[in-house]
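Participant: Each chain is listed here by its residues.
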Amino acid sequence: MQTISWNDAFVREEFAVLRRSRPFVYGLTNYVAASLSANVLLAVGAAPAIGAALDWPSCFAAGAGAVWINGAALICCRPETLRLAARSARDAHRPWVLDPVAFGAGSPVYDEALRALLEFGPAVIRGNASELISLAGGPGAGKGVDTAARSIDAVPYIRQLARDTGAVVAVSGDVDYVTNGDVVSRIEGGDVRLTRVTGAGCSLGAFIAALLAQSHSALNAACAAHAIFALAAQQAASVRGTGSFAVAFVDALSELESEWPGAAAGESLDA
Amino acid sequence: MQTISWNDAFVREEFAVLRRSRPFVYGLTNYVAASLSANVLLAVGAAPAIGAALDWPSCFAAGAGAVWINGAALICCRPETLRLAARSARDAHRPWVLDPVAFGAGSPVYDEALRALLEFGPAVIRGNASELISLAGGPGAGKGVDTAARSIDAVPYIRQLARDTGAVVAVSGDVDYVTNGDVVSRIEGGDVRLTRVTGAGCSLGAFIAALLAQSHSALNAACAAHAIFALAAQQAASVRGTGSFAVAFVDALSELESEWPGAAAGESLDA
Amino acid sequence: MQTISWNDAFVREEFAVLRRSRPFVYGLTNYVAASLSANVLLAVGAAPAIGAALDWPSCFAAGAGAVWINGAALICCRPETLRLAARSARDAHRPWVLDPVAFGAGSPVYDEALRALLEFGPAVIRGNASELISLAGGPGAGKGVDTAARSIDAVPYIRQLARDTGAVVAVSGDVDYVTNGDVVSRIEGGDVRLTRVTGAGCSLGAFIAALLAQSHSALNAACAAHAIFALAAQQAASVRGTGSFAVAFVDALSELESEWPGAAAGESLDA
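Residue numbers (the numbering used here), protein chains in the order written: chain Z, 1 to 271; chain V, 1 to 271; chain C, 1 to 271.
FYI, nobody ran anything at the bench for these hints, they're computed from the structure. Treat the numbers as computed from the prediction; the structure is a model and nothing was measured. Even for Gly, the Cβ is constructed at its ideal location relative to N, Cα and C. There could be a bad hint or two in this list.
Just the calculated beta-carbon pair ranges, DEER-fashion [stated by the list, open to error]:
(1) V:H93 / Z:A141: 43 to 53 Å
(2) V:A237 / C:A237: 48 to 58 Å
(3) Z:E255 / V:A237: 22 to 32 Å
(4) V:A141 / C:V183: 49 to 59 Å
To list a few chain C residues with every Cβ distance to chain Z over 10 Å, as calculated [claimed, not checked]:
(5) S21
(6) A34
(7) C59
(8) Y110
(9) R163
(10) V184
(11) T195
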């Protein structure tokens, strides 16, 4: 199993392309995570729009470089709206990310609405272990939006889910794993405080979409997103307290440059 | 009238139990306060879920350790949704907190929708002086979501409201007062800047719910929540500016340990 | 063309009146920007309420000192709700601010709903160059909520828009311009990072409303709001990272006093 980090040239290259291209990224997410997700996207240089105002779900999903759909957007809009955005993205050949927040946590009608979105072919599915084990049909019951399982335990499930859906699937945890159903990559680092900042995981889904907007590879985009989040969390790690950590994490993303610490001297970004 | 603070062993014990048990707490709140409320709950170790996605109001209200309902959730969902969550909590014997934001501020239809929630027996009602005086039938007209009265003036009203409803009632202000209709406790400290951070009061409602999830006493949980908020505000008091204060306040909650400053040396947490 | 800044006595006077009067300001905005907008208003001393709970749009729009309507509020409520708030404000002679977020960015049904609000006579219209060029009938296509044009290019369009609507119109950019259709004022300063903090522009709309609540002149209020935002951004400029910048910006607004740096010694506020 390959370990991916900021030291990998393709990670820095994905980030450099994002910084240069400043893609328009459209998201349907929940209002708890919306502000942090937008600030993360603005920090890395993307141009986000969020929410389902009138004809935005069709117009913006088709017009954006990529789209993310966070299941907990259902606290703000109806299943039909999520379906319209997912269908519009697919029909316009825009890649989109599904984040099945709280899947399997005890609300079957909600779960069914999220599962039905798989029909529209997400390029990437990301979540925590409980959510993804449940989505893959395993016993993953979480506690609300939190996980009750370890990410390593989710690996066989995310491989199966990737094969079944054709999506790249990524699970967040103490170690993150990303798979296309065949190879599995691992990303270390991060900071446990990311789980104590509301919307951090949701923001990762948004960030994957920003990278997808320009990437040739959903696997590369998903791996790069996780590696960059891990690096930013490490950069933020010296502060105390979860409030300061959230601020420092956004700072790190906004200050990150593709030729920045961790890049081996003289190494080509195209290597 | 008894003064309660972090120096009281039961306050630290309530907090220690919360830290250990990490309860799932479900809330219906408004999108202005949702992010801070979630971050406050994550800071103290609870696992929050917020919002009314499809069957969440029935499933999560019954499945959580406790529930909070902020009246201004009506900017995101319908009265029926709040009623369903309150009824589901009551039927599953989950304690719930009512926060009647902006009650009596000049919108009678809104006020009536909040009053009708009393039918479902909240364990705790918390608000500012204008809101609670109005809810108790007095002349409390506020200015939007802000109070136009002092907390001390609300004391007779909250005692009556507690007797009428069977709830513990708590009023926030320069001094906070908490009553079960019989005894009235007071909590000093805090920081006026808490009134200049949006959602700080709403977050207190969420925090009370987190303590209620494990507490044997709604009175103890409500007193402890106010005393811990006051301590965290004091810890944050050295920074300048309301933006930094909000960050430092969350930091203080996240770093607080039950054996921390203020606890008399050698004193048992079970004393 | 006159350059306006904190050095102008009328700017400090507008701010001093706001600090003293603490107006109740009511807003319909989107949930991405709502929290920052509320924190900006609390920082400067206003008392905000946000959102469309039941009868709030009619009661609060008529009862507040001023109102702001952010077009992206349509991610939370229906066009009829925005119209009701705008009509209630007009009928009660309350000045209101229109912020046509993402106008012209590719969603025609949304655009039409915003344009229809002009019927209710906003006192001020504020936005970025793409939005205002489009609203004035020019070719302003933006990228989601971001602009694709420079503010200077919008000047002829905002003059025409001001003449057509009777509103003061203000465009934000590297330099801001404010006009009543006749004179055009410019405001320099600010910080490009304001465009990388979600909701900063939306918060400016809210802040204009807070000044409008007490001002004798919509032109003065709009100019003062831009000049004060520029000053606060300069005060915040020494920090690194967009997360810290957002915090420092709110801090600067909360610490700003009308007799503060920039005011020439001995100059009268009434000069």
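Participant: Are the hints correct? Go through all of them and say.
Facilitator: Quick rundown of the hints versus the structure:
H93 (chain V) and A141 (chain Z) have their C-beta atoms about 21 Å apart, which leaves the hinted 43 to 53 Å range violated. Checked against the given bound of 48 to 58 Å, the beta carbons of A237 (chain V) and A237 (chain C), roughly 26 Å apart, lie outside it. Distance hint check: the CB atoms of E255 (chain Z) and A237 (chain V) are about 29 Å apart, consistent with the given range 22 to 32 Å. One distance hint, 49 to 59 Å for the beta-carbon pair A141 (chain V) and V183 (chain C), is violated here, with the actual separation near 41 Å.
The Cβ of S21 (chain C) lies farther than 10 Å from every Cβ of chain Z, with a closest approach of about 29 Å, so its non-interface assignment holds. Separation of A34 (chain C) from chain Z is inadequate, the least Cβ-Cβ distance of about 8 Å not exceeding the 10 Å criterion. No Cβ of chain Z approaches the Cβ of C59 (chain C) within 10 Å, the least distance being about 23 Å, so the stated non-interface status holds. Not every C-beta of chain Z lies more than 10 Å from that of Y110 (chain C), the closest at about 4 Å, which undercuts listing it as non-interface.
Distance check for R163 (chain C) against chain Z: the nearest CB is about 28 Å away, which clears 10 Å, and the non-interface claim stands. Every C-beta of chain Z lies more than 10 Å from that of V184 (chain C), the closest at about 28 Å, which supports listing it as non-interface. Separation of T195 (chain C) from chain Z is inadequate, the least Cβ-Cβ distance of about 8 Å not exceeding the 10 Å criterion.
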